[in-house]
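Q: For this one, chain A is given, so just place chain B on it according to the hints.
Protein sequence lines correspond, in order, to chains A and B.
Under full-length UniProt numbering, the residue at position 92 of the first sequence is numbered 92, and the numbers go up by one with no gaps.
Under full-length UniProt numbering, the residue at position 86 of the second sequence is numbered 86, and the numbers go up by one with no gaps.
Don't read these hints as lab results, they were simulated from the structure.
Don't take every hint at face value.
Listed next, the stretches of chain A that the computed footprint assigns to chain B, with coverage defined by at least 3 CB atoms under 8 Å from CB atoms of chain B [stated by the list, open to error]: (1) 16-25; (2) 29-37; (3) 71-77.
Here are the computed lysine to any residue pairs in the SDA-like style, where the Cα-Cα straight-line distance is at most 25 Å [unchecked claim]: (4) B:Lys41 to A:Gly62; (5) B:Lys32 to A:Gly62; (6) B:Lys41 to A:Tyr76; (7) A:Lys33 to B:Gly28; (8) B:Lys44 to A:Phe111; (9) A:Lys33 to A:Cys63; (10) B:Lys86 to B:Glu49; (11) B:Lys48 to B:His22; (12) A:Lys68 to B:Gly15; (13) A:Lys32 to A:Ala18; (14) A:Lys41 to B:Ala105; (15) B:Lys86 to B:Cys63; (16) B:Lys48 to A:Glu49; (17) A:Lys44 to A:Tyr19; (18) A:Lys48 to B:Gly79; (19) B:Lys68 to A:Gly62; (20) B:Lys48 to B:Asp110; (21) A:Lys44 to B:Tyr76; (22) A:Lys44 to B:Gly28; (23) B:Lys86 to B:Ala105; (24) A:Lys33 to A:Gly101; (25) A:Lys37 to B:Val14.
Think of the CB as a built atom: it goes at the ideal place given N, C-alpha and C, for glycine as much as any other residue.
Protein chains: 2
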Amino acid sequence: MSKSAKSATKAKRVGVRAYDSHVFVCSGSVCKKRGAKDVRKALKSEVKEAGLRREVRIDSVGCLGLCKHGPNAIVYPSGTWYLGLKERDVPEVVEGHLLGGEPVARLAADFR
Amino acid sequence: MSKSAKSATKAKRVGVRAYDSHVFVCSGSVCKKRGAKDVRKALKSEVKEAGLRREVRIDSVGCLGLCKHGPNAIVYPSGTWYLGLKERDVPEVVEGHLLGGEPVARLAADFR
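Only chain A is shown next, with the shape it has when bound in the complex (with noise of 0.2 Å):
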C-alpha cells in the first residue's frame, strides 16, 4: 500500500463528529481589541447553557479581513457573516441561530 493510501485509511477509521452548527471567531488582533474574547466567551457559555455543547463547535479563526466592523464570526454550514457581533447579541445569535436553525437576519451580513 502506498503511503498516501495508507495515510488516507487511517483518517477514515476516525470518526469525526458531525455538528449542527460551527461557530468561528475571528481572532484577529483588532477583533480582539473590540472584544471578540468576550464573544467567544459568551457564545460558550450560551452555547452550553442551551445544552448545545455536543452540537455546537466554537473555534477561533485568523483575521477574517473586515477589521474595523468587528468583532467578526462566521457560523457553518449556513455560511452567515456576523460583523460588529456584541457581547449582548450573543443569546439572540443561539437562540435563533444555532437553536432556531435560523440566521438572525437583524445581525448577519448581506453578500455583495
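A: Frame of chain A; chain B shown alone:
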C-alpha cells in the same frame, strides 16, 4: 435608533463575499509541527493557480483537536474534515473538491 439597531444596520451595509468554499487549516501547535503551514501554503498556491482566488477563502483556525492525525483542515459549506492532509494531497483536494465541488472521498474523514 438604539445602539444595537445601529450596529446591525452598519453590518448589513457591509457586503461580504459569498465564497464557494471556505477552508480552515488547523494552526494548533501539533498540526504546525506536522506541516500545516506547508499545507496551507500549498493550498493558497494551488487555489491561485486554479483561478479560484475569489471563489475560495483559506484561513487558519485554532486547534481543531484530533491533533495526532494532523495536519487537519475543514472545508465548508460541505463540512468535510480532512485529517492527516499532506502537502502532496493538496492538488487532489483543489481539483476534486474546490474546483469540482465533490469532497475527495479518499481523504475525507468519516462521521461518527
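Q: Identify every previously stated hint that the structure contradicts and give their numbers, smallest first.
A: Those not satisfied are hints 2, 13, 14, 16, 20, 24.
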